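Now for the letters of each chain:
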Amino acid sequence: MNNNFYAYAKSLIESMTLDELEERLSAYGIDCERKVTLYTTEQILNSDTALVASSTASNFYLEGLYDSTSYAIASNDNSFALAA
Amino acid sequence: MTSISIEAYHGTSGDAADAILASSFNESAKKHEWLGCGIYFFVEGVSDPLENAKEWAVAEARKNPKTKKIAVLKSVVDIDQDRIIDITENQGLKNFNNFKEKCLDKIFDNFRIKSIPLNHHNCILFNFMVDTLGAHAVKHNLYIKSVRERKMQLRLNVPNTTVLCVKKANFNSEVTKEYLGEIK
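Protein sequence lines correspond, in order, to chains A and B. 3 is the number that this note's numbering gives to position 3 of the first sequence; each next residue is one higher, with no gaps. 77 is the number that this note's numbering gives to position 77 of the second sequence; each next residue is one higher, with no gaps.
If you're looking for bench data, these hints aren't it; they were derived computationally from the structure. For clarity, every value in this text was computed on a predicted model and none was experimentally measured. Be aware that one or more of the hints could be misleading.
[To be verified] Pairs of lysine to any residue residues, derived as SDA-like cross-links and limited to a Cα-Cα distance of at most 20 Å, are as follows:
(1) B:Lys106 / A:Thr41
(2) B:Lys106 / B:Thr132
(3) A:Lys10 / B:Asn97
(4) B:Lys102 / A:Thr41
(5) B:Lys106 / A:Glu20
(6) B:Lys100 / A:Leu45
(7) B:Lys102 / A:Leu25
(8) B:Lys100 / A:Ala27
(9) B:Lys102 / A:Leu45
(10) B:Lys30 / B:Leu118
(11) B:Lys106 / A:Gln43
(12) B:Lys94 / A:Ala27
(13) B:Lys102 / A:Ser47
(14) A:Lys10 / B:Leu118
[Stated by the list, open to error] Residues of chain B placed beyond 10 Å of chain A at every Cβ, according to the derived structure:
(15) Lys31
(16) Trp34
(17) Gly92
(18) Asn98
(19) Ile124
(20) Glu174
(21) Val175
[Unchecked claim] Chain A stretches covered by chain B per the calculated footprint, using a threshold of three residues with CB under 8 Å from any CB of chain B:
(22) 9–22
(23) 28–36
Built from N, CA and C at the ideal position, the CB exists for glycine as well.
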């Protein structure tokens with residue numbers, strides 16, 4: 001695997017969305033499920049940011065206070081859920 | 001695109017060799033293939049690829065009492081050097097492992113994986129890499145039991161062959177019969 005090929009490979013995996021990755025894993029018979037990140041009320045209240053759902057869980061982030069009554073937030077690839 | 005030519009040898013039974021010459025290779029596609037799905041050859045590297053192919057053909061023939069003849073087919077495979085996962089040298093191995101780690105980082109951070117049979121892991125890894133990256137071939141040093149080691153029921157792990165696995169879609173080279181022998 002020469003350096004040109006590696007550079008291409010690296011950029012490809014970095015830009016791959018979780019939906020694409022999940023689809024590929026399934027295609028090879030890999031049974032997988034998404035991990036869910038739970039945030040406590042304290043974590044949310046201590047943050048100056050509100051929730052923003054992004055395209056991947058890995059860059060899911062908080063931006064401004066979204067809902068102070070939230071108990072926990074479950075993030076997923078293209079969505080987020082609030083539990084009171 | 002810079003293409004490289006690799007002399008490659010495929011050991012099989014006499015009948016299978018005739019069938020391949022009459023039509024073409026079938027892709028090996030079991031779930032435990034060493035380097036993923038593809039057409040397998042021995043190539044120059046750790047040892048003599050023609051001898052490796054003979055040895056492999058004999059070892060496989062011994063599993064089937066009906067096989068009386070073995071053959072080695074030769075081909076010169078042309079591969080785009082930016083599309084071969086060559087992990088026979090240190091730089092290739094470093095790049096391969098760095099890429100594998102990046103994949104595993106992303107998978108581990110975001111997914112829970114259920115158990116996969118142990119002997120499928122390598123095949124899945126190479127199939128994933130080859131298909132995802134659009135690679136045409138994988139080249140790697142592997143340990144393959146010789147006939148004697150099979151008889152002695154040895155299970156070692158020091159690579160003793162260099163193997164090239166080519167995706168069927170990227171194989172369009174001429175094939176000739178290099179050797180024909182009988183099983184004693």
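Practice problem: Provide an ascending list of the numbers of those earlier hints which the structure does not satisfy. | Solution: Violated: hints 1, 4, 6, 9, 11, 12, 13, 14, 15, 17, 18 and 19.
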